[in-house]
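The chain contents come next:
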Amino acid sequence: MLLEANNLFKAFRDTVVLNDISFSVNQGEVVSLVGQSGAGKTTAVRCVMGLEKCDKGTITIHGRFVCKTENGVCTHATKKELAQIRRELGMVFQAYHLFPHLTVLENVTLALTDVYKIPKTEANEAAVAMLERLGLGDKINNKPNELSGGQKQRVAIARSCVTNPKLLCFDEPTAALDSALVVEMVNIIKDLAKKDGIGVLIISHDEKFVRDVSDRVLMMEQGRITRELSAEEFKQIMRA
Amino acid sequence: MQILDGLGMTLGVFALSLILSFPLGIVVAILRLSKVPVVRKITEIYIWILRGTPLLLQIMLVFFGLPSIGIAFDRFDSILIAFVLNYAAYFGEIIRSGIQSIEKGQRESAEILGFSSWQINMKIILPQVIKRTLPSIGNEVITLVKDTSLVYAVGQNDILKYAKGVANSTGSLVPYVLAGVIYLVLTYVITKVFNEIEKKVNYEE
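Chains as they are written, first to last, in our numbering: chain F, 1 to 240; chain X, 241 to 445.
For reference, chain F alone in the conformation it holds in the complex (with noise of 0.2 Å):
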């Protein structure tokens, strides 16, 4: 299992956003977590992130504890744990949150020559080519401001996917994009399931979107997992 998250519990002051819940998202998966905004998707995503640190539950990501609860009490990982584990993980963020003052190439190549410190001409290579298999080839000098916002979203995409990381997060994908554009999205992120093998995880309440890419729907409604579906299940209830 690539991700697992058991028995999640947070509270904002005497607001309970997670109340225990549990999921899983294996290689080469795509699940997305659906439910009306205050359901707690959100904040679910971020405790995985570790942007968030729950009050109790467990969540291991390829089997590195994120945050462990024993006998009631929870552990989280630490500063130098979490970069670790953070190696695995990309998040694409609903605002996308580029770096304005760097191009397009700087921002897909920065991680990697300076967390991963690989050459500069090997990392442009890298990032290239994530870049043009995102059809963003002709971009890479641009600033991100000089990118319509589906563009931008690609550009993330590559941010986060040049690290080759084993699960990636969507935080509302299809928020900005128009109809066409959604359907790109999905052949995006199922290609980078089935051929990377990457687990994704995806924050929607877009359901024609969730109905085409996911493997598995989880509905969530105030703070706790009201039901679990296979893809087949999820089009049969859509269609009801």
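It is worth saying that the hints were derived from the structure and are not from the lab.
Computed from a prediction, not measured in an experiment: that's the story for all the values here.
All C-beta atoms in this analysis are idealised placements derived from N, C-alpha and C, irrespective of residue type, glycine included.
Be careful, since some hints might not be right.
As the list claims (entries may be wrong) - Here are the simulated DSSO-like cross-link-like pairs (lysine-lysine), alpha carbons at most 30 Å apart as the crow flies: (1) F:Lys143 x X:Lys344; (2) X:Lys344 x F:Lys166; (3) F:Lys143 x F:Lys166; (4) X:Lys432 x X:Lys371; (5) F:Lys80 x X:Lys363; (6) F:Lys194 x F:Lys117; (7) X:Lys275 x F:Lys120; (8) X:Lys432 x F:Lys80; (9) X:Lys281 x X:Lys371; (10) X:Lys432 x F:Lys143; (11) F:Lys68 x X:Lys344.
What the hints assert, rightly or not - Ranges between beta-carbon positions, derived for each pair: (12) X:Lys386 x F:Thr121: 33 to 41 Å; (13) X:Ala312 x F:Thr113: 35 to 43 Å; (14) X:Trp288 x F:Lys190: 55 to 63 Å; (15) X:Lys275 x F:Lys190: 22 to 30 Å; (16) F:Thr15 x X:Arg280: 26 to 34 Å; (17) X:Gly345 x F:Ala240: 35 to 43 Å; (18) X:Lys386 x F:Glu122: 48 to 56 Å; (19) F:Val183 x X:Tyr443: 27 to 35 Å; (20) X:Gly345 x F:Asp20: 24 to 32 Å.
Knowing the structure of chain F, use the given hints to seat chain X on it.
Quick look at chain X alone, frame taken from chain F:
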């Protein structure tokens, strides 16, 4: 053209103060945003005192006051210490506001990419902060040029001091006008330099 003899003092105080106070200002900003309450509080007090009292007073305290507790600096060093501490407080506050204006997502996305806190600050946050705060920094730099005239307080001879000397001995106002023109030339050059830097770092966000 005796006034020009003071130009070296004016430019020296200006350049050294700027070169030393700006990096210190970055440090002040980082300490001011520290997670450790004591560090934050001490930095706040430092900023409060340095911004809350006249620079002239600070210069005099360093030169005339510190020797009474056994710490003595010569005239030029005293001036420099006061200028650097004072301007670092101002730069610190400008940079702090810039850091806080950068959306949280920049830091979070960089964290997940694996960058260390130092790398995030230096490669991702600071370049954006400089771009956003450049107009305010430009203001401070121009103020710094004019503040150099305060060095007369501890008997150093800058442009204005020479102008005063010549004016007193000749009874003419021309030296003052000349000094004014020199300040204008200096601030004009600085304005141009900042315009060029702004053009260079200009990108839409």
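Against the structure, the hints:
With a CA separation close to 20 Å, the supplied pair Lys143 of chain F and Lys344 of chain X stays within the 30 Å bound. Taking the CA atoms of Lys344 of chain X and Lys166 of chain F, the gap is near 25 Å; set against the 30 Å cutoff, the hint holds. Note on Lys143 of chain F and Lys166 of chain F: the hinted pairing holds, with a Cα-Cα distance of about 28 Å set against a maximum of 30 Å. For the given pair, Lys432 of chain X sits about 16 Å from Lys371 of chain X by alpha-carbon distance, which is consistent with the 30 Å threshold.
Straight-line distance between C-alpha atoms of Lys80 of chain F and Lys363 of chain X comes to about 20 Å, which keeps the hinted pair within the 30 Å bound. For a cut-off of 30 Å, the pair hint linking Lys194 of chain F to Lys117 of chain F stands: about 28 Å separates their Cα positions. Between Lys275 of chain X and Lys120 of chain F the alpha-carbon distance is near 35 Å, which puts this suggested pair outside the 30 Å criterion. Among the hinted pairs, Lys432 of chain X with Lys80 of chain F is inconsistent with the structure: their alpha-carbon atoms are about 46 Å apart, more than 30 Å.
Among the hinted pairs, Lys281 of chain X with Lys371 of chain X is consistent with the structure: their alpha-carbon atoms are about 28 Å apart, no more than 30 Å. For the suggested pair Lys432 of chain X and Lys143 of chain F, the alpha carbons sit about 25 Å apart, so the restraint of at most 30 Å is met. Distance restraint check for Lys68 of chain F and Lys344 of chain X: the Cα-Cα separation of roughly 26 Å lies within the 30 Å cut-off, and the hinted pair is therefore satisfied. In this structure the supplied range 33 to 41 Å is violated for Lys386 of chain X paired with Thr121 of chain F, their Cβ-Cβ distance being about 49 Å.
In this structure the supplied range 35 to 43 Å is violated for Ala312 of chain X paired with Thr113 of chain F, their Cβ-Cβ distance being about 49 Å. The hinted range of 55 to 63 Å is satisfied by Trp288 of chain X and Lys190 of chain F, whose Cβ atoms lie roughly 58 Å apart. A hinted range of 22 to 30 Å for the beta carbons of Lys275 of chain X and Lys190 of chain F is inconsistent with their spacing of about 42 Å. Distance hint check for Thr15 of chain F and Arg280 of chain X: the Cβ-Cβ separation is about 28 Å, which falls inside the suggested range of 26 to 34 Å.
As the Cβ distance of Gly345 of chain X to Ala240 of chain F is approximately 38 Å, the hint placing it in 35 to 43 Å holds. The hinted window of 48 to 56 Å between Lys386 of chain X and Glu122 of chain F holds, with their beta carbons roughly 51 Å apart. The hint said 27 to 35 Å for the Cβ distance between Val183 of chain F and Tyr443 of chain X, and at roughly 31 Å that hint holds. Evaluation of the 24 to 32 Å hint for Gly345 of chain X and Asp20 of chain F yields a pass: the beta carbon distance comes to about 29 Å.
Checked against the numbered hints listed earlier, the structure breaks hints 7, 8, 12, 13, 15; every other hint is satisfied.
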